[in-house]
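Go ahead and model the full structure; you've got the sequences and the hints to work with.
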Amino acid sequence: MPIITLTTDFGEKDHFVGAIKGAIYSELPDLRIVDISHSISPFNISEAAYIIQNAYISFPKGSIHIIGVDSELNPENKHIAVKLDDHYFICANNGIMSMLCSEIAPEKIVEINIHDRVTSSFPVLDVFVKVACHIARGGTLEVIGKAIENIKPIRNLVPYVNDDRTQIIGSVIYIDNYGNVVTNIKKPFFETIQKGREFEVSARSYKFKVIHSKYSDIVNFDIPEEKRHDEGKRLVVFNSGGFLEIAIYKSNPITVGSASTLMGLNLMDTVSVNFIATPLVPENIENISTLQDYK
Amino acid sequence: MPIITLTTDFGEKDHFVGAIKGAIYSELPDLRIVDISHSISPFNISEAAYIIQNAYISFPKGSIHIIGVDSELNPENKHIAVKLDDHYFICANNGIMSMLCSEIAPEKIVEINIHDRVTSSFPVLDVFVKVACHIARGGTLEVIGKAIENIKPIRNLVPYVNDDRTQIIGSVIYIDNYGNVVTNIKKPFFETIQKGREFEVSARSYKFKVIHSKYSDIVNFDIPEEKRHDEGKRLVVFNSGGFLEIAIYKSNPITVGSASTLMGLNLMDTVSVNFIATPLVPENIENISTLQDYK
Amino acid sequence: MPIITLTTDFGEKDHFVGAIKGAIYSELPDLRIVDISHSISPFNISEAAYIIQNAYISFPKGSIHIIGVDSELNPENKHIAVKLDDHYFICANNGIMSMLCSEIAPEKIVEINIHDRVTSSFPVLDVFVKVACHIARGGTLEVIGKAIENIKPIRNLVPYVNDDRTQIIGSVIYIDNYGNVVTNIKKPFFETIQKGREFEVSARSYKFKVIHSKYSDIVNFDIPEEKRHDEGKRLVVFNSGGFLEIAIYKSNPITVGSASTLMGLNLMDTVSVNFIATPLVPENIENISTLQDYK
Chain A
1 MPIITLTTDF GEKDHFVGAI KGAIYSELPD LRIVDISHSI SPFNISEAAY
51 IIQNAYISFP KGSIHIIGVD SELNPENKHI AVKLDDHYFI CANNGIMSML
101 CSEIAPEKIV EINIHDRVTS SFPVLDVFVK VACHIARGGT LEVIGKAIEN
151 IKPIRNLVPY VNDDRTQIIG SVIYIDNYGN VVTNIKKPFF ETIQKGREFE
201 VSARSYKFKV IHSKYSDIVN FDIPEEKRHD EGKRLVVFNS GGFLEIAIYK
251 SNPITVGSAS TLMGLNLMDT VSVNFIATPL VPENIENIST LQDYK
Chain R
1 MPIITLTTDF GEKDHFVGAI KGAIYSELPD LRIVDISHSI SPFNISEAAY
51 IIQNAYISFP KGSIHIIGVD SELNPENKHI AVKLDDHYFI CANNGIMSML
101 CSEIAPEKIV EINIHDRVTS SFPVLDVFVK VACHIARGGT LEVIGKAIEN
151 IKPIRNLVPY VNDDRTQIIG SVIYIDNYGN VVTNIKKPFF ETIQKGREFE
201 VSARSYKFKV IHSKYSDIVN FDIPEEKRHD EGKRLVVFNS GGFLEIAIYK
251 SNPITVGSAS TLMGLNLMDT VSVNFIATPL VPENIENIST LQDYK
Chain X
1 MPIITLTTDF GEKDHFVGAI KGAIYSELPD LRIVDISHSI SPFNISEAAY
51 IIQNAYISFP KGSIHIIGVD SELNPENKHI AVKLDDHYFI CANNGIMSML
101 CSEIAPEKIV EINIHDRVTS SFPVLDVFVK VACHIARGGT LEVIGKAIEN
151 IKPIRNLVPY VNDDRTQIIG SVIYIDNYGN VVTNIKKPFF ETIQKGREFE
201 VSARSYKFKV IHSKYSDIVN FDIPEEKRHD EGKRLVVFNS GGFLEIAIYK
251 SNPITVGSAS TLMGLNLMDT VSVNFIATPL VPENIENIST LQDYK
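Residue numbers (my numbering), protein chains in the order written: chain A, 1 to 295; chain R, 1 to 295; chain X, 1 to 295.
No lab work stands behind these hints, which were simulated from the structure alone.
Among the hints, a few may not be true.
[Unchecked claim] According to the in silico footprint, chain R covers these stretches of chain A (three or more CB under 8 Å from chain R): (1) 5 to 11; (2) 18 to 25; (3) 29 to 42; (4) 74 to 88.
Cβ coordinates follow ideal geometry from the N, Cα and C atoms, glycine included.
Set out below in structure tokens:
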């Protein structure tokens, strides 16, 4: 029996998530349900797209992912089920799937048409659960919807590259639990444009010339611990999902602040990368690797 | 093996919920536990009553619902187990069950009396888990308690109706994750009093003459999307649980605000419905359906 | 198949927890995963130590506890697996285990050395999950690490006792969901020093001469409910984990305030106990038991 995952903006307090689980277990008592997140910002499509893209890949093939964000049925917000990378996704056709579909071609998309059989003011409970249980029992997408070719895109999903390929202009798509700022610039895309050139990442007035592979790369472990002052330093990493991320070492949004709050970086803000033909002189590289601003 | 659900005010951070699950799985390794909510406001009986009423109904018959809110045993706060609608509820006798019991007569209520067999400064762990596991193994309520007839009521649970039945005076019982404001006026009750008359819902200085069946009913899909300004509009719906709810279309309490914050509506505030003998003229209805205030 | 528990600072929103569960179920579909907490304050070792110590004990012997707090591998932050009290713990060697190991001698500690076999910028997913699944399948610690003797301590973990044993100086190690203030003074330790003497607990300018065994012990149930004013009273209890805790009766951090906010008590603040040779006169005891300040 496949796993059903849940990604919603229902929050941790309301009864919605419990009700959905009760409904699934009423149909399929032996199935496993896994929460991915219920704390997506209300109606935030980009956040939901980022979360599901990073989470689904760890699940077994055949898993069924319910995404309950902005899912009320109306003439401009149809319900879809998508088969992609041997996983199933059930959501509204509001752009959530466009990030994933831009990287991996979907095998099949159907517009769900079982609404005449269910009345609903709570479509995740009444429609998505029914579709998920149908798929979990081995049912095909054709039975619950009619095939469509395209899904609704999210605007500004992919970063922009200028004509002479000297600049990538990306944007902030997610702020994580540590207040770190995630952009839409992914490592393979970056490397395709970079072609080994030096570069400078710019976010507001902050500039960085190194992208680390993990956070503690900025620490010089040859210096005794009590003489170091690494906490609070700014850095850029490709995070575990491969996204370019502007971070603060050991940040805490509640107490000392975070990359988002201290650097003033919010969702949709621009982060750019400029590629430089001439290499930097060595002492500058040294400065940068200790992550001082060099403005 | 039945499902055990958990509804508490323990929050998401502390070890309490994990400890309870460990204790249940230690007794019954194959049982399934489902979280309904752990974010009930501390000691808030009304919130807990609203959450459990809306969630339990989705679970299979025979499910066992532990409610850990204000559950410390003392002379005025006994522990009870209730069988109702073929579900079991374990909680303190502090009013949590009175909302449910006012709609559906309980089949059996017992006051739990196994406390001489367990010492406890954490009654949900030490008492409720034992009772839940006893029921899950097929045990009867008589073994763990003595039958009682009545449970403690919550005051102001049901809305008030005036003598000539021209007005319902309800109150706010819950603010949901979107900041929408849920009242204690349920649809069947409303319709019994309404008898087809026109009406006006009043909350503070805001007035509404239409109750929608879903949120996007306020959108006019004949107008091009870029010319509409529906987000942030006020509306009234019967929510998925059947409760009259004052909402803001696509609200976000953190960013743009919500029905609760923007309209100044809080728990226990009054929401009234006045019934009107004479019908409205058509153009007024038109105005209202676009949800402009018409004060 | 044993249980795997998760205790992290990943928060409730990000995809990290979902990804970890997906990875575990991909390896071991029939295993059970239980969340203990994902809301540890970022990088807060003491909070994580307190949570895991209080939660693990409810789980069956053989359970495997993954602790994902400050777990990025670097020369000063190795990964360890510990067998203790017939439970397994997988975490970074950053002090998290020192609270538990100070009470119960670990049976075995290994420094994990499978990192050459896994690449990782997300060690909980890439390393801890692999180790946990190895143990869950019955594998031994020697296969995934080399034995070490000692773990990194947390400073200021245990309270200080003065030379003539008239004073315990403890500190605040946790603030719970109700805003109650938990110290590192445990009941058996307290009683060993107390030896039956009267005492006075001091926290900032607040003083207490009684430690209760449950919160509602401060209520005089002989007084009619409407004439009592117990909510908001300060008290000291040994909490369900046996830790000395300064609380406010029926507090709510969001609305009326809590012990932490109203008394200005924060993490790392000092709480002391002074032992008094001469007993108090009876009428003073009476005053104290009603929990008035007697400054």
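The hints, checked one at a time:
{"no.": "1", "hint": "5 to 11", "result": "holds (count 3)"}
{"no.": "2", "hint": "18 to 25", "result": "holds (count 7)"}
{"no.": "3", "hint": "29 to 42", "result": "holds (count 3)"}
{"no.": "4", "hint": "74 to 88", "result": "holds (count 4)"}
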